Amino acid sequence: MSSARYDVLGIGNAIVDVIATTDDAFLVAQQVAKGSMTLIDEARAEALYKAMGPATITSGGSAGNTVAGLASLGARAAYIGKLRDDEAGRLFRHDIAALGIAFTTAPALDGPASARSFILVTPDGERTMNTYLGACQGLGPDDIDAATVEAASITYLEGYLWDPPAAKDAFRKASEIAHGAGRQVALTLSDSFCVDRYRAEFLGLMRSGALDIVFANEHELRALYETADFDAALAAIRNDVALAVLTRSEKGALAVSREETVAVPAFPVKTVVDTTGAGDLFAAGFLHGLTRGASNRDSLALGAFAAAEVIQKIGPRPERSLKDAASEAGLTV
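Under numbering that gives the first Met the number 0, the very last position in the sequence shown is 332; numbers go up by exactly one each time.
Treat each hint with caution, since some may be false.
Unchecked claim - Listed below are the simulated EDC-like cross-link pairs for lysine to aspartate or glutamate, each with C-alpha atoms no more than 20 Å apart in a straight line:
id, residue 1, residue 2
1, K33, D23
2, K49, D84
3, K172, D141
4, K269, E318
5, K322, D94
6, K172, D211
7, K167, D195
As the list claims (entries may be wrong) - Now the in silico label distances, taken between C-beta atoms and shown as ranges:
id, residue 1, residue 2, range
8, G99, T270, 28 to 36 Å
9, A46, D22, 13 to 21 Å
10, D84, T270, 34 to 42 Å
11, A54, A241, 34 to 42 Å
12, P122, D195, 25 to 33 Å
13, S294, D109, 47 to 55 Å
14, K49, R198, 34 to 42 Å
Rather than coming from a laboratory, the hints here were simulated on the basis of the structure. Here the structure is a predicted model, which means the values were calculated and not measured. Just so you know, even glycine gets a beta-carbon here, dropped at the ideal spot from N, CA and C.
Can you build the whole structure from these sequences, using the hints too?
Structure (structure tokens):
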């Protein structure tokens with residue numbers, strides 16, 4: 000993969016996160032399902048923001064968080080995502096450029112505002128997301144730069160892209176370009192509710208060979224195969240995709256190929272503060288190891304470390320250099 004200009008290109012919904020700590024009673028009062036990601040309109044976004052307590056505002060978006068983690072690990076990353084030319088859009092663009100990530104998607108000059116996700120974090124660290132997609136819904140095939148896709152070892156797509164209709168076509172175009180250039184394509188299933196909405200389409204992508212790698216947590220995996228039996232779902236996904244990378248929170252993580260299953264324990268954590276971005280940063284660690292030629296076991300360990308780092312703070316992106324922190328922890332970066 001050394002001939003690639005980028006290790007990973009992330010394509011996703013460019014979102015600014017508005018994060019506030021709360022309690023279960025507030026979730027009940029607002030009629031939101033704990034731990035879920037719910038799509039909301041702009042009026043609901045404004046009402047929820049008004050009801051929330053003091054908030055932390057930071058760049059987010061699933062694939063955006065992953066490429067931020069990759070950059071922190073020292074990887075060469077690029078990103079494609081749609082923003083409006085407004086305050087939130089400029090914040091996101093500034094943050095991603097400051098990390099050295101290539102980002103050339105043209106902003107929308109009119110239409111809906113840049114996307115925001117209102118994230119409610121309960122004392123157990125669980126995050127509940129309420130997302131206004133806004134300008135994200137404008138992402139389409141014309142935003143997929145073929146040269147950038149061809150220049151990336153792995154194109155990493157988020158399942159949330161399946162919500163805006165035009166993004167599906169952008170997704171398919173990117174996959175075709177990547178495979179035409181002999182590159183790999185990865186997908187994160189994003190959320191079990193997202194899987195419920197698009198189960199048949201996700202399975203179709205896997206079984207058609209449009210995807211080489213799938214990332215999922217155990218809830219998403221069970222939702223994908225409509226079973227409560229983790230082992231049965233594990234056996235099923237082994238036959239549907241070349242490599243599945245599965246996270247199980249405190250139970251660790253697995254890499255499942257047709258030849259073998261490799262497992263690693265969770266990385267030790269002092270205090271879980273906010274699980275926002277845990278899966279995104281796990282993917283960053285694993286992908287970084289993979290593009291460096293590390294074994295699945297070592298890549299899983301790096302993913303577990305990156306996830307542990309981000310859940311011990313508020314927000315979905317690392318505050319310190321993951322490359323330095325991983326080295327201090329004795330991991331090969």
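Verification of the supplied hints:
{"no.": "1", "hint": "K33 to D23", "result": "holds, 8 Å"}
{"no.": "2", "hint": "K49 to D84", "result": "violated, 24 Å"}
{"no.": "3", "hint": "K172 to D141", "result": "holds, 10 Å"}
{"no.": "4", "hint": "K269 to E318", "result": "holds, 17 Å"}
{"no.": "5", "hint": "K322 to D94", "result": "holds, 19 Å"}
{"no.": "6", "hint": "K172 to D211", "result": "holds, 15 Å"}
{"no.": "7", "hint": "K167 to D195", "result": "holds, 16 Å"}
{"no.": "8", "hint": "G99 to T270: 28 to 36 Å", "result": "holds, 30 Å"}
{"no.": "9", "hint": "A46 to D22: 13 to 21 Å", "result": "holds, 19 Å"}
{"no.": "10", "hint": "D84 to T270: 34 to 42 Å", "result": "holds, 39 Å"}
{"no.": "11", "hint": "A54 to A241: 34 to 42 Å", "result": "holds, 41 Å"}
{"no.": "12", "hint": "P122 to D195: 25 to 33 Å", "result": "holds, 27 Å"}
{"no.": "13", "hint": "S294 to D109: 47 to 55 Å", "result": "holds, 49 Å"}
{"no.": "14", "hint": "K49 to R198: 34 to 42 Å", "result": "holds, 35 Å"}
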